[in-house]
Amino acid sequence: MKPLSIADYLDRLGSAAGEKAPPRREGSPFRPRSAPSPRNGEPALKPVFDRALGAAGAGETPRADAPRRTPWAPKPPLLESVAMEPPPAEEPTKPDDISAKLADAYARGREQGLAEGHVEAADRHAAEVAAARELAETQQREFRHKEYAELEGAIRSGFKRIEDNVGGAVARILAPFLSEQVLKRAVDALAQAIARLSARGSPGLIRIRGPERTLALLRARISDLPIEVEYVEDGGGQTVVESNATRIAAELRPWAELLAAFEA
1 MKPLSIADYL DRLGSAAGEK APPRREGSPF RPRSAPSPRN GEPALKPVFD RALGAAGAGE
61 TPRADAPRRT PWAPKPPLLE SVAMEPPPAE EPTKPDDISA KLADAYARGR EQGLAEGHVE
121 AADRHAAEVA AARELAETQQ REFRHKEYAE LEGAIRSGFK RIEDNVGGAV ARILAPFLSE
181 QVLKRAVDAL AQAIARLSAR GSPGLIRIRG PERTLALLRA RISDLPIEVE YVEDGGGQTV
241 VESNATRIAA ELRPWAELLA AFEA
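Counted from 1, the sequence shown has number 50 at position 50 by our numbering; the numbering is strictly sequential.
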């Protein structure tokens, strides 16, 4: 279906009921149009715009001074008369109501404050407990470390004392044996020296001066030699053998002092 132009639409609105619209002629859609002639003594038709305006606003009584509306203008809304009711008057607040509201607000504020105080106190208590626990754990660690250090020192000191005691005991046990061995070696050396003197010929009188223990051992070693010996006891630590111009000395004092230090 081919769309109609505005002029054709206006022609159709202006045609009477039952009147057949004349055939549309081809040409410019904006050509001038003539108003239809009245039939059967009918009064002249109103302008097309007035008829369209009347069809759009049916049921309304137009006023003489009312402005004309175009067919495409929106229809104004109908205004209903609404009785404006005055706002209800507020009742004055009674003093008892104010006191009750204040008491209620005070109670709510007090409960809220107590709840917040309890929460804050619980948080503070939890923080204090955590801090005390951490402090106790730190002190326990430090105490254990200190105890471990003291125990280690005691063990080391004990081992040192045991070592010293064992060493001293061993030294005390070995000191007499070592003294005897040193004395025997010195007596053996002196006996060999006296034997060499007697082997060279008659050495004459041999005088031996020294401690009694040394003289006793030396007498047993040289008793079979063909020599004349004079024994002179001396409390010193040195044993001396004299024969003419020959003098042989065996110094035992350093050995005796060393062994005495072990025995101490």
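Incorrect hints may appear among the rest.
What the hints assert, rightly or not - Here are the computed distance ranges between Cβ atoms for each label pair:
#1 Arg161 x Arg207: 46 to 56 Å
#2 Tyr106 x Ala132: 36 to 46 Å
#3 Ile173 x Arg213: 13 to 23 Å
#4 Asn165 x Thr246: 20 to 30 Å
#5 Arg213 x Phe159: 21 to 31 Å
If you are wondering where the hints come from, they were derived from the structure by calculation, not from laboratory data.
Predicted, not measured: the structure shown is a model, and the values here were computed from it.
All C-beta atoms in this analysis are idealised placements derived from N, C-alpha and C, irrespective of residue type, glycine included.
Checklist entry - Checked against the structure, which of the hints given earlier come out wrong? => result 4, 5
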